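Once you've looked at the hints, dock chain B against the given chain A.
2 protein chains.
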Amino acid sequence: MLELLDPDQQIPKETYEQVYPDLEIRLGACQRAARAAGVPVVVVFEGWDAAGKGKVINRLVQALDPRGFKVYTIGAPTETEEFYPWMWRFWNLLPAAGDIVILDHSWYRRLLLERVENDQADSWPAAFDDIRDFEHQLTDSGVVLVKFWLHISKREQKRRFQTLESNPAMSWRVGPQERKQNKKYPRWLAAAEEMLARTDTANAPWTLVEATHERHLRVKVLDTVAAAMQRELDRRAAAAPPERKPMAVPADWPPPHKTILDRVDLSLSLTREQYDEELGKLQERLLNLEYRLYDARLPAVVVYEGCDAAGKGGNIRRLTRGLDPRGYEVHPVAAPTPQELAHHFLWRFWRNVPKAGHIAIFDRSWYGRVLVEPIEGFCTEAEWKRAYQEINEFERQLAGHGTVIVKFWLQIDRDEQIRRFQDRQNTAAKQWKITQEDWRNREKWKQYEQCLVEMLERTSTTYAPWTILEANCKLYARIKALRTVADAVESALGGKRGRDSFPLATRGRRG
Amino acid sequence: MLELLDPDQQIPKETYEQVYPDLEIRLGACQRAARAAGVPVVVVFEGWDAAGKGKVINRLVQALDPRGFKVYTIGAPTETEEFYPWMWRFWNLLPAAGDIVILDHSWYRRLLLERVENDQADSWPAAFDDIRDFEHQLTDSGVVLVKFWLHISKREQKRRFQTLESNPAMSWRVGPQERKQNKKYPRWLAAAEEMLARTDTANAPWTLVEATHERHLRVKVLDTVAAAMQRELDRRAAAAPPERKPMAVPADWPPPHKTILDRVDLSLSLTREQYDEELGKLQERLLNLEYRLYDARLPAVVVYEGCDAAGKGGNIRRLTRGLDPRGYEVHPVAAPTPQELAHHFLWRFWRNVPKAGHIAIFDRSWYGRVLVEPIEGFCTEAEWKRAYQEINEFERQLAGHGTVIVKFWLQIDRDEQIRRFQDRQNTAAKQWKITQEDWRNREKWKQYEQCLVEMLERTSTTYAPWTILEANCKLYARIKALRTVADAVESALGGKRGRDSFPLATRGRRG
Chain A
5 MLELLDPDQQ
15 IPKETYEQVY
25 PDLEIRLGAC
35 QRAARAAGVP
45 VVVVFEGWDA
55 AGKGKVINRL
65 VQALDPRGFK
75 VYTIGAPTET
85 EEFYPWMWRF
95 WNLLPAAGDI
105 VILDHSWYRR
115 LLLERVENDQ
125 ADSWPAAFDD
135 IRDFEHQLTD
145 SGVVLVKFWL
155 HISKREQKRR
165 FQTLESNPAM
175 SWRVGPQERK
185 QNKKYPRWLA
195 AAEEMLARTD
205 TANAPWTLVE
215 ATHERHLRVK
225 VLDTVAAAMQ
235 RELDRRAAAA
245 PPERKPMAVP
255 ADWPPPHKTI
265 LDRVDLSLSL
275 TREQYDEELG
285 KLQERLLNLE
295 YRLYDARLPA
305 VVVYEGCDAA
315 GKGGNIRRLT
325 RGLDPRGYEV
335 HPVAAPTPQE
345 LAHHFLWRFW
355 RNVPKAGHIA
365 IFDRSWYGRV
375 LVEPIEGFCT
385 EAEWKRAYQE
395 INEFERQLAG
405 HGTVIVKFWL
415 QIDRDEQIRR
425 FQDRQNTAAK
435 QWKITQEDWR
445 NREKWKQYEQ
455 CLVEMLERTS
465 TTYAPWTILE
475 ANCKLYARIK
485 ALRTVADAVE
495 SALGGKRGRD
505 SFPLATRGRR
515 G
Chain B
5 MLELLDPDQQ
15 IPKETYEQVY
25 PDLEIRLGAC
35 QRAARAAGVP
45 VVVVFEGWDA
55 AGKGKVINRL
65 VQALDPRGFK
75 VYTIGAPTET
85 EEFYPWMWRF
95 WNLLPAAGDI
105 VILDHSWYRR
115 LLLERVENDQ
125 ADSWPAAFDD
135 IRDFEHQLTD
145 SGVVLVKFWL
155 HISKREQKRR
165 FQTLESNPAM
175 SWRVGPQERK
185 QNKKYPRWLA
195 AAEEMLARTD
205 TANAPWTLVE
215 ATHERHLRVK
225 VLDTVAAAMQ
235 RELDRRAAAA
245 PPERKPMAVP
255 ADWPPPHKTI
265 LDRVDLSLSL
275 TREQYDEELG
285 KLQERLLNLE
295 YRLYDARLPA
305 VVVYEGCDAA
315 GKGGNIRRLT
325 RGLDPRGYEV
335 HPVAAPTPQE
345 LAHHFLWRFW
355 RNVPKAGHIA
365 IFDRSWYGRV
375 LVEPIEGFCT
385 EAEWKRAYQE
395 INEFERQLAG
405 HGTVIVKFWL
415 QIDRDEQIRR
425 FQDRQNTAAK
435 QWKITQEDWR
445 NREKWKQYEQ
455 CLVEMLERTS
465 TTYAPWTILE
475 ANCKLYARIK
485 ALRTVADAVE
495 SALGGKRGRD
505 SFPLATRGRR
515 G
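Heads up: the sequence lines are chains A and B, in that order.
Per my numbering, the very first residue in the first sequence carries number 5; after that it's consecutive.
Per my numbering, the very first residue in the second sequence carries number 5; after that it's consecutive.
Bound conformation, chain A alone (with noise of 0.2 Å):
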């Protein structure tokens, strides 16, 4: 792709003095009316170190109204970022809907920096996959994504680096590193070539910038951006209102087949002597495990999820009560904030995936989307029907990280719900737990199974598999749930118990 390009492309200076104050005119336009429509924007900046991203970022911000932008630079990742998975920093900076992001560097970072210079040939090309999911969930989510690479030749790229050296207050920007990229110019290029074409996808495609000459730099730049977010306001102005809607009431549920639920065998249960002799030994064995997985810097996920009353509460208490506070945390999942609601879906789910060596919690999930949204019609069809694959890739970039996933799903059935209602009605101090909402969402009960069953077909996979815990009898369900994450624990610290083994996280450190 760049061996076609005129790095020397230039633009006259009447010509630039013609169009460049329009075309800023024209971008601060199209930044009100992203703000007002609720478009975000990321545009990343790559390309050859003295390529003039900085400049070039600054006249691009000038054009802006400082209220709603943000540039951020991507370095080497720190110490509290590398406890992550890699993609972890990156979904924290993201815009919210109506703002900006600028990118001096990004998460391609990975495919030139630390493919070229750093001997990481084992996690990179998997880097792939995760950039390629990561942008399509942007984009699908109307995120307007503009990516640059800037390009000038070796010779310019080695002039530059003289004039900046010859500057006492500018010399410190050519390092060691830089030089090298210079001297290693073509092994660099054939790097930037892969990414480029692997990358360019129709989502998110690239857009080579030809970076000797300022103007056409500027022009090219501040034009793409313009022109992105006007085909994006274009589109929303053009499609018909997304439409919300509460799931109808399944005519055919249940099904003629059997499913996964009818399986489920409810009479389980374990007497009170059993279920104390179990407790006490399981939360010993937990509270050990906890210290060895800090100890070897595995993270780990549980989730809970369940219908109202299920006892989700109850078995993360006993979960957690021989645990040491500072190994894990629970993450309650309520209703999301405005500020929640302006992101992705899985960003508020993305800033708390536990670090490495840490144990988080989530009572309730984002199986939210799959499981409550379609019914209650908090988001379109499209968007739940797109969230099975963007939770399976979100998944699998945490156990790709190395994580522990265990996720439970706490079946009870229509009988007990309503024992239980009643006795919490019945229980001054247990009141506050029952509310008019959950006797409205019993009424939902076969769009719940339904929806129910095809999230545990669909997103059952053998790094994150579904356990459903049988409940009626709460005794069984706690001693099955703190069993079973033990035993994936072990297994990932190389225990013998059946489960596949996880990849060390290698690269955290103790926290």
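It cannot be assumed that every hint is accurate.
As the list claims (entries may be wrong) - DSSO-like mimics (lysine-lysine), calculated; alpha carbons at most 30 Å apart, straight line:
1. B/K359 with A/K184
2. A/K59 with A/K187
3. A/K285 with A/K359
4. A/K59 with B/K434
Honestly, the hints are just simulated from the structure, not real lab data.
Computed from a predicted model, the values in this text were never measured in an experiment.
Structure of chain B alone, referenced to chain A:
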């Protein structure tokens, strides 16, 4: 203090079994009431290694609804955290109104571990002031702050280390650092004694807890937290509701004596030619200084305040046009979000203080607290009256970290303002910049002037002086602003222009 404590306090099992379940229920009820009343709670755990902080924190959180608390373990500051004033990371994790934050170690780490183990003799004495300022800011704003010191004897600590070492899953918890603490117990004890004595304030007292026996420890911790929450709940219930009313029009304004505003010469101006000549030179000088600042890891803060249409935006654009965007950030300050309103008013500004080597430019700032909020009635009189001190303390902490602080007040007269309003209204491309609110604000000129004079007098300090920009002529104000910033940065870098030198940030590294 500690020598009078009997660490072996114990509670009989029968008493415990009677008392403890009720205590848990009481604490849960306190949490729900505090949530409803919007009371934030911070619980700090300090004490000897192996005193049982982890275990008792786990017991404490078992009694709480997970939808409302967070546990943080405070280790050594990360690389990123070292780029900021040391209190920055604690501000970042403060609870919103109604939430609880539990800290396993805290800001006191600096007075213990960093004092005893590290060679930081120069930095820790100042930490006493920083901590007292921080804690009174919290408690003044209605945060419940509970601080525990968990006490065990040297012999008990040694015994516990031996137990941990004999368990293969836990032995890593006893490292050289822990062994050293036991060996140097008297030296630690002396540091702890001084720390406890000097920070045992009326608003944030220490609770010393005898920690040898778990039952006593648990009961004392839960009881102390519940009682502190209850006290604040009772106080709020008994107090008159906070009165937030717009400031009255001052009858005696302008005052008979001259104010600082009378000494401002608004006739100062520049011709376009003078301006063009100066601007180019200053922008080049500023770019060089930006790189030197980055290289020296000095942070800088530039504050812009001024009435509507005073020319803040245009001034900031001239300041930043020549800079490298990777080294500065503009923070436009709008009305606080609900999340920001649920915190101390300085919280959102602490989150945006610049890291070492970077420049943060604020388009409006924390001075809204003493300028806009009293006039609009957005806060109580007590709140804005204590804000002068809070702001001076805040800026002192920034300066203590080596931050260059420049604060601009853009002054125009009433005639000039009306001219600019009319110009905006009559120019198509500028109409979005003028709103009804601007006209409304204009009517409160007297109140603004009164607040302004008080603000300038009370918050102009040696480390963070105000500079008044005579802004009837925009060109003059821009050149003066750019030159003031350049001079201040140059002086901090060790230049020769008469500004006091700032201590260099010694800890942060390049980022």
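Hint-by-hint comparison with the structure:
A hinted pair counts as satisfied when its Cα atoms are at most 30 Å apart, and B/K359 with A/K184 qualifies at roughly 29 Å. Proximity of A/K59 to A/K187 is assessed by CA-CA distance (about 24 Å); at most 30 Å being required, the pair is judged to hold. For the suggested pair A/K285 and A/K359, the alpha carbons sit about 27 Å apart, so the restraint of at most 30 Å is met. Straight-line distance between C-alpha atoms of A/K59 and B/K434 comes to about 27 Å, which keeps the hinted pair within the 30 Å bound.
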